[in-house]
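Work the whole structure out from these sequences, hints included.
Chain residues, written in single-letter form:
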Amino acid sequence: MDLTSMVVLRVHGHPVLLFSRMIGLALKMLFGDTAKYLMLVAGLFFATFLIVQQASVFCGLMRWTTATLKNVAAPIFVVEERVEQVNETNPMRDTDVARVRSVSAVRWAMPLFSGIQRVRLADGSFKTVQLIGIDAASLAGAPGRMIEGNLQDLRLPNTVVIDELATQRLSSNPDDPSKKIKIGDQFEINDVEARVVGICKAMRSFTGGPYIWTTYERALQYTPQSRKMLTAVIAAPLEGMTSEEAAAEIERTTGLRAYVNQDFGSNPRDTITAKGKKYGDFNTSTVWWYVKNTGIPISFGTTVVIGFIVGVAIACQTFYAFVLDNLKHLGALKAMGMSNFRLSIMLIVQALTVGIIGFGLGLLATSGFALGAIENGQPPFYMPWQIPVAAFVAVQIICMLAALMGIIRLSLYEPAMVFRA
Amino acid sequence: MSETNGQLVVDVRRVEKNFGDGPDKIHVLKQVSLQARTGEIMMLVGPSGCGKTTLLSAIAGTLKVESGEIIVFGNALQSMSGGALTRFRAKNIGFIFQQFNLIPTINIAENVGVPLLIQGISTSQALKRSREILEKVGLGNRWKDRPTKLSGGQQQRVAIARALVHEPPLVICDEPTAALDSQNGEIVMDLFRQVARASDRAVIIVTHDNRIFSYADRIARMDDGEIIDVKEQPQQIAHFEHEHAIES
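In order, the protein sequence lines correspond to chains A and B. Going by this note's numbering, 281 is the number at position 281 of the first sequence; the sequence numbering is gapless. Going by this note's numbering, 39 is the number at position 39 of the second sequence; the sequence numbering is gapless.
Source of the hints: derived by calculation from the structure; they are not laboratory data. It is possible that some hints are incorrect.
To be verified - If we take Cβ atoms under 8 Å as the criterion, some of the chain B residues that face chain A in the derived model are:
| id | residue |
| --- | --- |
| 1 | I26 |
| 2 | K30 |
| 3 | G49 |
| 4 | T53 |
| 5 | L63 |
| 6 | A76 |
| 7 | M80 |
| 8 | A90 |
| 9 | F97 |
| 10 | N101 |
| 11 | T105 |
| 12 | I118 |
| 13 | D174 |
Claimed, not checked - 27 Å max Cα-Cα, derived DSS-like pairs, lysine-lysine:
| id | chain 1 | residue 1 | chain 2 | residue 2 |
| --- | --- | --- | --- | --- |
| 14 | B | K128 | A | K28 |
| 15 | B | K64 | A | K28 |
| 16 | B | K64 | B | K30 |
| 17 | A | K180 | B | K128 |
| 18 | A | K179 | B | K144 |
| 19 | B | K136 | A | K28 |
| 20 | B | K144 | A | K36 |
| 21 | B | K149 | A | K28 |
As the list claims (entries may be wrong) - Part of the chain B face toward chain A, derived, beta carbon under 8 Å:
| id | residue |
| --- | --- |
| 22 | S57 |
| 23 | A60 |
| 24 | T86 |
| 25 | R87 |
| 26 | I106 |
| 27 | V114 |
| 28 | T123 |
| 29 | V230 |
The beta carbon of each residue, even a glycine, is placed where N, CA and C say it ideally should be.
Written out as structure tokens, the structure is:
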């Protein structure tokens, strides 16, 4: 018994092997028409690139909005009850630190200052920075990865730890590597001296300014005085408790808003309230605040939609032209006994093939863009796996639309037409 | 020359076909009846628009008719479903088109093998069989070439090879020599004669080309959707050929 007679899988009454034989023919017809093949691939390449690149830059930008949460790695952020996102500062009383500490579910709780301040450079110009003030004793909320210097030196007078971006941004000549800020250099924050004792790695902030860490008390000295200065209380749950449980207990006991700090996504504490969804995760809450309250998603979303439309326009038009050009050959196949179903499979295979190749090249180009973005630190770029998957689906939808147009045209073509020269 | 005692393979009975509706309706075939037998070359001739290509399409099972019967190898085409008709064509009919309709992006052996692939024969078997039949039409050494590299006559020989590769009992040809010079036309018609004689096969040819009338066993003359006459004897064909030459 040969392989052909052993076929058991049948699609629409045809043995699957029949399709595999026609696939080779379909691909040869596709690759043989070089101009249209390249045009199709180019259209899908641009569609993929626009969709993936813009969506990734959008995600990168949204990730930057939560940079403080990444740079201050505390499991729980307790803030004023109306605060919805991490870059919003509704100051609290210093006594709120003690109130949070008093909650039975809390292992430790420390004050945190976070605010945008002005730095005066050596040449007299000003730059804005994201100033973070952390507890001097525990150094809770300190940068996770030091490149140079010693974090403990932050306890010395007038000292700060800066991130890599600051070494360049706060330099008198950012284009000259020899002029980069280094340990021991000094500058002024709101006319108060600051001496660099460490350089760390940190995620860039949404506002583009570098991060500077100092102690909580010194941060208050660097900042113009107001009645309430505490931005947040960072805390950790008692051993054996989850962050969600501890946050819920803090909210119940103090009336303050307690967010957990985890990756963007759903959280057991996310609840639907009368005013809409209330997020228990600070990352999620922050990102959604920017999505709802800024034009950023519309701007990027428009480009993504344009990418899709460009893909549809080029792919559908070109593929339809390809089918029209091949109509007399496809009609001849139809007359010779090839069913509409098998011809449709051939067109779908052709469309999927250009879709996969165009998508692959588009993703490759986006990866090149990503490498450049990572190297330069900007533009923001973050590509979770959902983006290429969604883009692949979008490109295949484009291809299926293109194939559908061809299939409709071909199904309307009577095989007898092939006799009319 | 004539083989009128062959088996009846095509029996067209009082077929009617219209195109369009209402005032634009065109009556293309009017009560047409015709038979074709194995071992013969039947030619359908007549002026443009007389309905000969429509009749050929109907016999090939690529066009539905309004009334009448078309019986091919004992199968009434009008009662067959679309899928059954498609499978019937794939197995029983070889097609030769006026413009050859060879796929330009694949080589000629692959082109010839298409009817076998449609029937589910493996690609390697199809190519083997294609090369054998290309040898028979004198193109064995050109099997790797694409159709665009061949002359019109050579392309038509490839088309003939494609029509015969799956050994169909009925071969349908639409103006097979219209795009050929007289020398290539003769080569192609010699091939047809071999094809029709060599096996139990019928060949139906629609043509305008009076140079090839002498190759026919029977000639059915059509005009305005009707069969005017069918000439069967060689003498009659010679007379018809002469008459047609004067008319044209």
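Checked hints:
A cut of 8 Å between beta carbons decides the hint on I26 (chain B): the least distance to chain A is about 14 Å, and the hint is violated. Proximity of K30 (chain B) to chain A is violated relative to the hint, the smallest CB-CB distance being about 18 Å (cut-off 8 Å). With a cut of 8 Å, the hint placing G49 (chain B) at the interface with chain A is violated, because the nearest CB-to-CB distance is about 11 Å. Hint status for T53 (chain B) relative to chain A: holds, with the closest Cβ pair at about 5 Å, below 8 Å.
The interface hint given for L63 (chain B) holds, since its Cβ lies 4 Å from the closest Cβ of chain A, which is under the 8 Å cut-off. Interface restraint check: A76 (chain B) against chain A, minimum CB-CB distance 18 Å, threshold 8 Å, status violated. About 13 Å separates the beta-carbon of M80 (chain B) from the nearest beta-carbon of chain A, more than 8 Å, and the hint is not met. Given the 8 Å rule on beta carbons, the hint for A90 (chain B) holds: about 2 Å separates it from the nearest Cβ of chain A.
The closest approach between the C-beta of F97 (chain B) and any C-beta of chain A is roughly 6 Å, which is under the 8 Å cut-off, so the hint is satisfied. For N101 (chain B), the interface hint holds, the least distance from its beta-carbon to any beta-carbon of chain A being 4 Å, beneath 8 Å. Using the Cβ-Cβ criterion of 8 Å, the hint placing T105 (chain B) at the interface with chain A is satisfied: the shortest such distance is roughly 2 Å. Here the hint on I118 (chain B) is kept, as its CB sits about 5 Å from the closest CB of chain A, short of 8 Å.
With a cut of 8 Å, the hint placing D174 (chain B) at the interface with chain A holds, because the nearest CB-to-CB distance is about 5 Å. The straight-line distance between the Cα atoms of K128 (chain B) and K28 (chain A) is roughly 19 Å, inside the 27 Å bound, and the hint therefore holds. At most 27 Å may separate the alpha-carbon atoms for a hinted pair to count; K64 (chain B) and K28 (chain A) exceed this at roughly 33 Å. Note on K64 (chain B) and K30 (chain B): the hinted pairing holds, with a Cα-Cα distance of about 14 Å set against a maximum of 27 Å.
Restraint check for K180 (chain A) and K128 (chain B): not satisfied, since their Cα atoms lie roughly 73 Å apart, outside the 27 Å limit. Taken as a hint, the K179 (chain A) and K144 (chain B) pair is broken in the structure, with Cα atoms around 68 Å apart against an allowance of 27 Å. A hinted pair counts as satisfied when its Cα atoms are at most 27 Å apart, and K136 (chain B) with K28 (chain A) qualifies at roughly 26 Å. Between the alpha carbons of K144 (chain B) and K36 (chain A) the distance comes to roughly 24 Å, so the proposed pair stays at or under 27 Å and holds.
Between K149 (chain B) and K28 (chain A) the CA atoms are separated by roughly 17 Å; this keeps the pair inside 27 Å, and the hint holds. Proximity of S57 (chain B) to chain A holds as hinted, the smallest CB-CB distance being about 4 Å (cut-off 8 Å). At about 7 Å, the closest approach between the beta carbon of A60 (chain B) and any beta carbon in chain A falls short of 8 Å, and the interface hint on this residue holds. The beta carbon of T86 (chain B) comes within 5 Å of a beta carbon in chain A, closer than 8 Å, and the hint placing it at the interface holds.
Annotation: R87 (chain B) was flagged as interfacial toward chain A, and the flag holds, the nearest CB pair being 7 Å apart, inside 8 Å. For I106 (chain B), the shortest C-beta to C-beta distance to chain A is roughly 5 Å, which falls under 8 Å, so the interface hint holds. Restraint check, V114 (chain B) versus chain A: the minimum CB separation of about 7 Å is within 8 Å; hint holds. At a threshold of 8 Å, the smallest CB-CB gap from T123 (chain B) to chain A is about 6 Å, leaving the interface hint in force.
Interface restraint check for V230 (chain B): the shortest CB-CB distance to chain A comes to about 21 Å, outside 8 Å, so the restraint is violated.
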